[in-house]
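Given next are the chains, with one letter for each unit.
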Amino acid sequence: MALSTSRQELLLPVKPAFIALTLVAALLANLLPWSGWMLWVVPDFVALIVLYWCIEEPRKIGFFTAWCLGLLMDIADGSLFGQHALAYSILAYAGIVLHRRVQRFSMAPQILHVIPLLLLTSLIVLLVRVLAGADFPGYAYFLGSFTGAALWPMLSYLLKLPQRPRPDPDRV
Amino acid sequence: MEHTPPPLFRTGPTPLARLMIFAMLSVVLLIADARFNYLTVLRQITAVVIYPLQRLAAAPAAMGRRVSDFFVSHSALRDDNQRLTEQNLALAQAAQQARALEQENANLRGLLEARARISAPSRFAEILYAARDPFSRKVMIDQGLQHGIQPGQPVGDHIGIIGQVTRVYAWLSEVTLITDKGHLVPVLNLRTGLRAVLAGTGDDGRLELRFIPLTADFQTGDQLVTSGIDGVYPPGLPVAEVINVERNTAYLFANVTCKPLAGVNARAQVLVLGPLPAMTERPQDAPADTPKKKKKKS
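Residue numbers (my numbering), protein chains in the order written: chain A, 1 to 172; chain B, 1 to 298.
Quick caveat, the hints were computed from the structure, so don't treat them as lab data. The reader is advised that the hints may include incorrect statements.
[To be verified] Chain B stretches covered by chain A per the calculated footprint, using a threshold of three residues with CB under 8 Å from any CB of chain A:
#1 12 to 19
#2 24 to 31
#3 34 to 44
#4 48 to 62
#5 132 to 146
[As the list claims (entries may be wrong)] To give a feel for the contact side, a few chain A residues facing chain B, derived at Cβ under 7 Å:
#6 71
#7 77
#8 80
#9 81
#10 99
#11 129
#12 130
Note that the structure is a prediction, hence the values are computed from the model and not measured. Built from N, CA and C at the ideal position, the CB exists for glycine as well.
All chains should be modelled from the sequences, with the hints used to inform the complete structure.
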């Protein structure tokens, strides 16, 4: 598989405040009043952003952040307390363990890594719900994982913008 | 102290160990929440943290509504005015008739020493967002503990019932819609007076009647209203209309499908009806088989 070449470029260190900002934005995106078919297609933005930072900066974000965000999502959804927390912890683990591997790949193989991880997250939530007595909501439930993975290239480009060094104005 | 490694190499527990810790914590929370309902306070505290975000996320939609309200055309307003005037006339007439009937009814009830019909005070609320959860049909409204909302209060619109308050936070409450799977409403067939239990299917716009004998008199087009015997919903509020009755002798019960009358999914504003007066205590059964009061699963 093709290894990325853009990886080799030097990036500025990411600011913790920027990470926090993106996480809050993801939470906000999840809380937007989605309705109808959009509800099925919309990815879990928080899972996506947590996974992104776990892969890019595993030293700056960890289980605790992922877990707390999961609790907040549980509150917002009015679902069982701890189901998103469990799913996001496992997602963070997968991201942290795989970060060296995924970072070396170019965009297409990265997406192939992201899809199963997001699917795993929805599968955990699904399992918890089914154990708690809910019915299987249909395969459309997993659509969000695929749209999430489809957003990955854009996300990775946007979130890296603040880290790109500015061109030196003194150089001609 | 000298023997500890320098901080450069101190990385704490391995990721797997951390995962185990957090997974255990989550599972403990899950069990505590699902089995014992211990976490109401914790839930309410955490809910305060996320409240500003919830309001912020709901703001664009609310603002959009306000802006589109502002740019209403003159002709639309005139048409509206015309329509409302006509409606007002018709309603005024109906109201006068209703007043007369009410008077008559009150007299008759007084004669029968019947309990006066419950007139529940209602409270206006706005739907902030629908829970992002394909498993359940729930919405969040902008009234909470601070406004005196209590769990169990029925929620409706100007047509009929749309659901019930199931969880209350400081400034928000969660309303479980009647279409939520497992949500039950005791109803009455307006045409025949038959009582039944209306259950949500988890499917928007489809409800079903449970345990209806094959011979029971239900027809397409029958209106179902709340029967009020549960002490949650006040009696006589429209709930649903029968859209299909399927009688298959291979099964024990008829398959009666209904659709909700109120705009369960289409409303931005709803009414929270006041808490009903407590029902009289159920008389004690023989101690051998005291039926436990069944709690609704959340």
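Please write out, lowest number first, the hints stated earlier that are contradicted by the structure. 10 and 12
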